[in-house]
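Novice: One letter stands for each residue in the lines below.
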Amino acid sequence: MRMHRRTLLALAAFTGLTAPSMALAADDTIKIGLLATFEGPFTVLGEDGERGAMTAVAEMNGTVAGKKIEIVKGSSDASPDSAVRAARKLVEQDGVKVLVGPLSGDEGLAVKDYAKTQPNVTFINGTSAAQDTTLRDPAENFFRFSTDGAQWMAGLGTYAFKDKGYKKVATVAEDYSFPYTQVFGFMAEFCKAGGHVPSKSWVPIGNKDFSSVIAAIPEDVDAIYVALGGADAVNFLTQYQQGGGSAPLIGGSITVDQTVLTSKGKLRDVLKGTPSAGPTADTNDAPAWKAFVEAYKKQPGAFPSPSLFAHGYYVDMKATLLGLDQVGGDVSDGGKKLRDALSKLSFDTPTGKVSLDKNRNAIADIFLTEVTEGADGNLMNKLVKVVPQVNQTLGIPEDEFMKLGAVNRDNPSCP
Amino acid sequence: MSLAIATDGTTPRQNWLERLGAGHIILAVVLVLYPLVASDFFLTQIGGYSLIFGMMGLSLMLLAGYGGMVSLAQITVAGIAAYAIAILGNNNSNILGFGWPWWLAVPFAVLAAALASALIGWISVRTEGIYTIMITLAIATATYYFAQQNYAIFNGHSGYAGIRAPAFWGISWRDPKPFYYLCLGLAVLSYAAVLYGSRSTFGMTLQAIRDNPRRMRALGYHVTAHKVFAWLLAGVIAGLAGVLLVWFNGRVSPGTIGVDAAIDVLIIAVIGGLRHPIGPFLGAVVVILMQTFAIDIVGAERFNTLIGLVFLVIVFVSPDGILGLWGRIKPHLAQESLRPGS
Chain E
1 MRMHRRTLLA LAAFTGLTAP SMALAADDTI KIGLLATFEG PFTVLGEDGE RGAMTAVAEM
61 NGTVAGKKIE IVKGSSDASP DSAVRAARKL VEQDGVKVLV GPLSGDEGLA VKDYAKTQPN
121 VTFINGTSAA QDTTLRDPAE NFFRFSTDGA QWMAGLGTYA FKDKGYKKVA TVAEDYSFPY
181 TQVFGFMAEF CKAGGHVPSK SWVPIGNKDF SSVIAAIPED VDAIYVALGG ADAVNFLTQY
241 QQGGGSAPLI GGSITVDQTV LTSKGKLRDV LKGTPSAGPT ADTNDAPAWK AFVEAYKKQP
301 GAFPSPSLFA HGYYVDMKAT LLGLDQVGGD VSDGGKKLRD ALSKLSFDTP TGKVSLDKNR
361 NAIADIFLTE VTEGADGNLM NKLVKVVPQV NQTLGIPEDE FMKLGAVNRD NPSCP
Chain D
1 MSLAIATDGT TPRQNWLERL GAGHIILAVV LVLYPLVASD FFLTQIGGYS LIFGMMGLSL
61 MLLAGYGGMV SLAQITVAGI AAYAIAILGN NNSNILGFGW PWWLAVPFAV LAAALASALI
121 GWISVRTEGI YTIMITLAIA TATYYFAQQN YAIFNGHSGY AGIRAPAFWG ISWRDPKPFY
181 YLCLGLAVLS YAAVLYGSRS TFGMTLQAIR DNPRRMRALG YHVTAHKVFA WLLAGVIAGL
241 AGVLLVWFNG RVSPGTIGVD AAIDVLIIAV IGGLRHPIGP FLGAVVVILM QTFAIDIVGA
301 ERFNTLIGLV FLVIVFVSPD GILGLWGRIK PHLAQESLRP GS
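The listed protein sequences correspond, in order, to chains E and D.
The opening residue of the first sequence carries number 1 in full-length UniProt numbering; numbering runs sequentially from there.
The opening residue of the second sequence carries number 1 in full-length UniProt numbering; numbering runs sequentially from there.
Treat the hints with care, as some may be off.
Unchecked claim - One side of the interface only, derived from the structure: several residues of chain E facing chain D at Cβ under 10 Å:
(1) Glu47
(2) Asp340
(3) Ser343
(4) Ser346
As the list claims (entries may be wrong) - On the chain D side, residues computed to face chain E include the following (Cβ under 10 Å):
(5) Leu115
(6) Thr127
(7) Glu128
(8) Gly129
(9) Tyr131
(10) Ile135
(11) Ala138
(12) Gln148
(13) His157
(14) Asp211
(15) His222
(16) Ala225
(17) His226
(18) His332
Hints are computed from structural coordinates only; laboratory data are not their basis.
Keep in mind that this is a model prediction, so the values were computed, not measured.
Where a beta carbon is used, it is the ideal one built from N, C-alpha and C, also for glycine.
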């Protein structure tokens, strides 16, 4: 009996470990991996990213170059480890040759590193917006059609200094690569215009109690630049308002995004009039944008207006499908033709023309916005100005830009 | 297997094959031949990863099963070894990275993990039952947040990347097959050590302390020292798992040692069963398979619910985990085989 028991145990282990991998796709379908945060603090953002990607798929009626599109989803929790693990599963087990994602900054850096080990797979970014995903030490097979966090800030620093008249600004941002990039983009212009940033606070993702952060903000600042996402933004803004804080705000791209603007409570009063910048503007009048909003709203659970995650995933998925269409859906050569097509791709998105630079990072229009209340009572990002065709070096010559150094907590600095 | 018959009243002498047991031999053959049938993904992402988490579960099983101390800090101990490898060896994050060769970095990393484990044990042996869980959870959470916010040593949220597994004897140990065998080798070593240790004088004493610490103290045993030593041993196993984990991922960040991961290790041990060292490995296979493939079964929105439900069902049907499940089925099977004869 003893032996019998052990044998069964061994058999159980054996069958569990060797379930055959059936990764071979039929000829008339093309598999695309979709990696987003379906768990953890950024779940809401990840789900909206998926809506954006599916909008692009729906636009092509679910087919590209006569082949049916099959989307295989992978989930991460915004940590770099989980993103790489999910990407590995999609590539090595499900056998996708094209992968769209991930969503968050550090995830992008990690997936780029992984991309270098998979030269025959083509990686297209989701919305991850850390600068060094493409600027320093890029991967040949990683493409970003959705611009980075510093690009998203184009025009905001100058606007805050000149039009709003803010001379001293404190920053509050999450402590990882994407907010570093956003603060960098804001300060690059703001400091150049003559502004000062006497205090920078970095808070961990998922922080609940901001009282010590709020207490550390100097009294004499003209405004606070806030680059927090999702629940973190809601928590900070609520606590700041309850604590009697009255300094005006300047928003990072995801701070005044639809994922935050749709929250309820007194927060709304604080947010009104907040200037921000990003790849989208809710009140954009362009017909292409309006058509995109209508298409997006057909997705289940959609927000009143697509968040920048829906937009980013849409643009990247759209680029992927256009690229695949050009090569007739053929990735049998290890994706070489597809990557050539993608590098040369230039197309019109709902937010204007997008093309890539030599590091495969997007050059695109950026929107300067201000939060207002729409006719239906929903908060909206009103379009103030379009900054046309922003490149990754923010218009600064590349060698000069590289001298500014890699973004981190202490760079740049202008106290 | 009960072929050995006692003669002359002495202990029956078995040869080493018999002492090993047929089950172990079959399992070993299967695991050694597994790379012949498995794809690279199943070899590392499922096989290697399960063995790594199985080792962490094993270190918890050692403490909980033999010592009666349930710890939620095993992933923290593994994480210390992982961070030590990143700091002592090479990384591409431009922070620290002393560039030590692997044969120097690995012993130091495992030693650091073992000492950290002993320290955690020394703090928590004053408590019992739920309080041990609470204090180890507190330590795990505190370490997570410390790693998240400390830039001098842990490099904050980003952690360390670009950590390479060593290449020696002409083999790159992160290639799928070598890595699998490396994991298998260390897992078997740990498994055998725990199995042997549980029958040693120390193991027996530890189990006696679990059952009745007051009596053992009255008999003159140093209860605290025995418990802390068990923590040290568990730390060695968890530390080895941490080294494998950082080679596997090529990176380590606070997310690696978060509370979710700490609970995963506990789930692995509980699902597998705490009565025998094979339990955590069974649990790891089930948990890793579920976490990897649940998303294909129910889609991206609800897959964590499915994982939770499966674990609930296992624990509901059998409080002793998968091992206990077998214990429940066995008597029925024995009945079946008796029936024709009766």
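Novice: Verify the interface restraint on Gly129 (chain D): the C-beta must sit less than 10 Å from at least one C-beta of chain E.
Specialist: Violated: closest Cβ of chain E sits about 29 Å from Gly129 (chain D), beyond 10 Å.
Novice: Does Glu128 (chain D) pass the interface check with chain E, least Cβ-Cβ distance below 10 Å?
Specialist: violated, 31 Å
Novice: For the hint on Asp340 (chain E), just tell me whether its beta-carbon gets within less than 10 Å of chain D.
Specialist: violated, 28 Å
Novice: Using Cβ atoms only, decide whether His226 (chain D) comes closer than 10 Å to chain E, and label the hint accordingly.
Specialist: violated, 31 Å
Novice: Does the interface hint hold: is Leu115 (chain D) within less than 10 Å of chain E, judged Cβ to Cβ?
Specialist: violated, 25 Å
Novice: Report holds or violated for the interface hint on Glu47 (chain E), using the least CB-CB distance to chain D and a cut-off of 10 Å.
Specialist: holds, 8 Å
Novice: Holds or violated: is the Cβ of Tyr131 (chain D) closer than 10 Å to a Cβ in chain E?
Specialist: Violated, about 25 Å.
Novice: Tell me if Ser346 (chain E) is really an interface residue toward chain D, meaning its C-beta lies closer than 10 Å to one of theirs.
Specialist: Status violated, d = 32 Å.
Novice: Does the interface hint hold: is Thr127 (chain D) within less than 10 Å of chain E, judged Cβ to Cβ?
Specialist: violated, 27 Å
Novice: Checking hints one by one. Is Ile135 (chain D) an interface residue toward chain E, by the C-beta closer than 10 Å rule?
Specialist: Hint violated; Ile135 (chain D) Cβ to chain E Cβ min 22 Å, cut 10 Å.
Novice: Does His157 (chain D) hold up as a contact with chain E if the rule is Cβ-Cβ below 10 Å?
Specialist: Check passed: Cβ of His157 (chain D) comes within 4 Å of chain E, closer than 10 Å.
Novice: When the nearest CB of chain E is found for His222 (chain D), is that gap smaller than 10 Å?
Specialist: Violated: closest Cβ of chain E sits about 37 Å from His222 (chain D), beyond 10 Å.
Hints 2, 3, 4, 5, 6, 7, 8, 9, 10, 11, 14, 15, 16, 17 and 18 from the list above are not met by this structure, while the remaining hints are.
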